[in-house]
Amino acid sequence: MKHKRLLHGLVLGLALLMVIGLGAQVRAQSITQGYKSAGDVQNGMIVHFKIGSAGTVEALNQKNELTMLGVVVSNTESPVSLSDTSQAQVYVATFGEYTVLVSTQNGPIKAGDRISMSSIDGIGMKTDNERQVILGKALQDFADSSNADGHVDLKGVGKVAIGRILVDVGVARNPGYSADAVPNVPTFLVKAARAVSSKPITALRLYSGLAILFVAILVAGMVLFAGARSGMSAVGRNPLAKKSIFKSMITVVLMALIIVSLGLVAVYLLLKI
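Here the sequence shown stands for residues 4 to 276, where the numbers follow this note's numbering.
One or more of the hints may lead you astray.
[What the hints assert, rightly or not] List of simulated lysine to any residue pairs, SDA-like, C-alpha gap at most 20 Å: (1) K53 with N67; (2) K194 with K275; (3) K140 with D171; (4) K140 with T70; (5) K39 with N78; (6) K275 with R197; (7) K194 with T205; (8) K194 with L169; (9) K113 with N78; (10) K140 with Q108; (11) K53 with T79; (12) K53 with D124; (13) K246 with L227; (14) K39 with S77; (15) K66 with Q143; (16) K194 with L216; (17) K194 with Q135; (18) K66 with Q92; (19) K39 with Q92; (20) K113 with A146; (21) K140 with S122; (22) K140 with V160; (23) K53 with L72; (24) K194 with D171; (25) K39 with D124; (26) K113 with Q143; (27) K53 with N64; (28) K140 with L192; (29) K39 with N64; (30) K140 with K162; (31) K140 with D156; (32) K39 with F52; (33) K246 with A229; (34) K140 with L169; (35) K66 with V160; (36) K162 with N177; (37) K246 with V256; (38) K140 with K194; (39) K250 with L227.
Since the hints were made in silico from the structure, they are not lab data.
Take these sequences, add in the hints, and give me the full structure.
Put into structure tokens, the structure is as follows:
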């Protein structure tokens, strides 16, 4: 009797473990949903609902990144798929580990990097602080040296590789997003520049403005140094000429202030116009 109870308990325990394991697997791969598609939509592409067409998905672009839905997958990749068999459909996963099309537009991808939309419709990339939404986290590396599916020439970027990697999908807000972000420029500089200009700020304009300001301050400093040195020499030669030397120093200080002011005006115009 004891052995029977022990065996019964073992069977129940194994059954419970199998149920838990199956539940974990289902959660890992989630449930996919079938939708009609518009345009060229392939497995691995990032999609969203087509504007004005409910129930139809299309490749997502950066302009509409806030409407990101998920990634297109094969109906065999998920244990449970919901669909309408009366019409051709694509299956979209919003949660789980799936293969995603990515590019090296923002540099090589390392496992753990967040993935967001690239400038190629439906294709992801390593995110930066300009992208508001992420698809999930990369579980594999991808670089130009990887086994890429192909290459694309992007204006202003050059040739980028496109391939497929496993991603832990889970659409969310990008925690690193900053509305004041400009590539390769410290955020505090961008904020200062945007306090002056309402136009888009580029790294070139910002650093050009800094260069102008630096030159103006340098010239003003040289003028002040030369004036102070000249004044001290004049006092040493003629102590009675202190009054005229003091007036001369005021003139030098005013010249330095004018030079710095002109520099500030030049920076303002550079950022404003």
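Distance restraint between K140 and D171, which requires alpha-carbon spacing of 20 Å or less: 5 Å, holds
Holds or violated: K113 to Q143, with C-alpha atoms at most 20 Å apart: Holds, because 6 Å separates the two Cα atoms, which is no more than 20 Å.
Distance restraint between K140 and Q108, which requires alpha-carbon spacing of 20 Å or less: 17 Å, holds
Pair hint outcome, K246 versus L227 [Cα-Cα no greater than 20 Å]: 18 Å, holds
Distance restraint between K194 and L169, which requires alpha-carbon spacing of 20 Å or less: 37 Å, violated
Hinted pair K53 and L72, Cα distance within 20 Å: This hinted pair holds, its Cα atoms lying about 11 Å apart.
Pairwise hint evaluation, K275 against K194, where the allowed Cα distance is 20 Å at most: 14 Å, holds
Given hint S122 paired with K140 - CA-CA distance at most 20 Å: 19 Å, holds
Proposed proximity, D156 with K140 (alpha carbon, max 20 Å): 25 Å, violated
Hint consistency between K53 and N67 [alpha-carbon to alpha-carbon, up to 20 Å]: 10 Å, holds
Pair hint K140 and L169, alpha-carbon separation not exceeding 20 Å: The given pair, whose Cα atoms are some 9 Å apart, holds under the 20 Å limit.
Pairwise hint evaluation, N64 against K53, where the allowed Cα distance is 20 Å at most: 11 Å, holds
When each numbered hint is compared with the structure, violations occur for hints 8, 9, 11, 15, 18, 22, 24, 28, 30, 31, 36, 38.
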